[in-house]
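Chemist: Quick mapping for you: the protein sequence lines, in order, are chains A and B.
Just so you know, we're using UniProt numbering here: the first sequence kicks off at 1 and counts up by one.
Just so you know, we're using UniProt numbering here: the second sequence kicks off at 1 and counts up by one.
I should point out that these hints are in silico values taken from the structure, not numbers from a laboratory.
Ideal placement from N, C-alpha and C gives every residue a C-beta, glycine not left out.
Don't take every hint at face value.
With a straight-line cut-off of 27 Å between C-alpha atoms, the simulated DSSO-like cross-links for lysine-lysine are [stated by the list, open to error]: (1) K39/A / K61/A; (2) K52/A / K103/B; (3) K61/A / K103/B.
Short derived list, chain A residues pointing at chain B, Cβ under 8 Å [what the hints assert, rightly or not]: (4) L42; (5) L44; (6) V49; (7) E65; (8) E71; (9) Y72; (10) E75; (11) T76; (12) R90; (13) S91; (14) R94; (15) F99; (16) G101; (17) F133.
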Amino acid sequence: MAEVKLIATTDSLFCARIEWALKLKGVEYEFIEVDIRNKSPLLLKYNPVHKKVPVLVHHGKPIAESLVILEYIEETWKNNPLLPEDPYERSMARFWAQFAGDKCLWGAWEAAKLAEGEGKVKAIESTQESLAFLEKQIEGKKYFGGEQIGFLDLAVGGIPHSLSAMEEAGGVKLLDAERFPSLHKWAQNFIEVPVIKECIPPREQLLNYFNTSISYIRSLSVAKP
Amino acid sequence: MGEVKVIGASLSIICCRIEWALKLKGVQYEYIQEDLRNKSPILLQCNPVHKKVPVLVHNEKPVAESLVILEYIDETWKENPLLPKDPFEKSTARFWARFVDEKFIPSAWAACCAQEHEQEKAVESAQELLGILDKLIEGKKFFGGETIGFLDLVVGSLPNWLKFMEELSGIKLFDAEKFPSFHEWATKFVEIPIIQEHIPMPEDLINYVNTAGLAKTILGSAAMANKK
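Next up, chain A with everything else stripped away, as it sits in the complex (with noise of 0.2 Å):
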């Protein structure tokens, strides 16, 4: 099927998303590393809408935004499907996916990088209420997409290695082993799965840039009158 760039960075679990979806299904791909700070010429070309990484290019057609490559990884390389074939149960990896990147990722952002006080607490709880729901899917199952790895797994698949150094950077408990069991698991599990572990953002790295962001954020909140 020729040529198949990915535009990406080494810390972005969105861009572990894709490289992980390619090795899944065999695609031979070029990773080109970009500088999303400095905005690189190939992003500004490749993605001018939103400027960010990951991008995939395919025959030079670009194609942003992880979750809309996921499902055109899927539609190209028929092999090791990610999506079941029943339109509900596709529709069940689509609601689950959009909901793991809105309600448990940046929930746990939005708990991690405020200082000590009531909106901390509040997001703490609505980020574990999040996380309640998707430890009633991953229950009694091996990969959210059952047997195998699947489309939810893959979008799931960094959060909680990147809430993790949310935690340390940000002084909060999210993803509670006691309380999430079956998602603690199988986080643990996934995450040394070969494929997946080659390409999982560094915990360091991660932990660097919360720790940073962090530090800013509450600098400005300590600022203001």
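Since chain A is already given, all that's left is putting chain B on it; use the hints.
Modeler: Below, chain B alone, put in the same frame as chain A:
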């Protein structure tokens, strides 16, 4: 193909997407009108995660989130396909649908609710995004090409919504001269019978907001969101 219900709210600019899709595919359904200020047990049961409309219930299985529902409808009822067959064209439609929901709508909302000193910048941002939509529809009959497609349904209620928000806030966003292609598409789209049957009209939205005393709530809470 089994029993279909739509839990929705008639003034929702999102729920109409679902009714349009079902009507375009000739699918019979029962419409359950929801009072969003007093959410029903059926809604809470069918969408316990977000407690929002629309929800499609097919053979008693609920599907929530409008873009997820549209894809489900397209995959379940194959006539009059909404998404193109080609994976790249499909991904383009999906990309722009997300752009509308995640970027354009929040930006337009923020522009209408901005504090005075932030207004100019907020309006500029929103109009920049509207310009992108204008370019996208330039020279085309529909976003979907020759027939109504996925993206037409996603964007469909926005021109009326923008008129409503403009009247509520006094901010002008949707300038027909600045965005001629979008204006032309909007004018024709709203006249299609199936679309007209289920589109929230600006005057109905205004009446509802005024009757329910919600104007300050809408503009106020959005301004609060904008401050984040």
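Chemist: If a hint holds in the structure, say so; if it doesn't, say that too.
Modeler: Cross-check of the supplied hints:
A distance of roughly 19 Å separates the Cα atoms of K39/A and K61/A; the hinted pair therefore holds under the 27 Å criterion. At roughly 14 Å between alpha-carbon atoms, K52/A and K103/B fall within 27 Å of each other, so this suggested pair holds. A threshold of 27 Å between alpha carbons decides the hint, and for K61/A with K103/B the separation of about 22 Å falls inside it, so the pair holds. Among the interface hints, the one on L42/A is violated; its C-beta lies about 18 Å from the nearest C-beta in chain B, farther than the 8 Å criterion.
Using the Cβ-Cβ criterion of 8 Å, the hint placing L44/A at the interface with chain B is not satisfied: the shortest such distance is roughly 15 Å. Using the Cβ-Cβ criterion of 8 Å, the hint placing V49/A at the interface with chain B is satisfied: the shortest such distance is roughly 6 Å. Against a cut-off of 8 Å between C-beta atoms, the interface hint on E65/A holds, since the closest Cβ of chain B lies about 6 Å away. Taking 8 Å as the C-beta cut-off, the interface hint given for E71/A holds, the closest approach to chain B being about 7 Å.
For Y72/A, the interface hint holds, the least distance from its beta-carbon to any beta-carbon of chain B being 4 Å, beneath 8 Å. Taking 8 Å as the C-beta cut-off, the interface hint given for E75/A holds, the closest approach to chain B being about 4 Å. Restraint check, T76/A versus chain B: the minimum CB separation of about 5 Å is within 8 Å; hint holds. Evaluation of the R90/A hint against chain B yields a held restraint, the C-beta minimum of about 7 Å falling below 8 Å.
The closest approach between the C-beta of S91/A and any C-beta of chain B is roughly 4 Å, which is under the 8 Å cut-off, so the hint is satisfied. The criterion of a C-beta within 8 Å of any C-beta in chain B is met by R94/A, whose closest approach is roughly 5 Å, and the hint holds. Interface restraint check for F99/A: the shortest CB-CB distance to chain B comes to about 6 Å, inside 8 Å, so the restraint holds. About 11 Å separates the beta-carbon of G101/A from the nearest beta-carbon of chain B, more than 8 Å, and the hint is not met.
A distance limit of 8 Å between C-beta atoms decides the matter here; for F133/A the minimum to chain B is near 6 Å, and the interface restraint holds.
Figure legend: structure checked against the earlier numbered hints; hints not met, in rising order: 4, 5 and 16.
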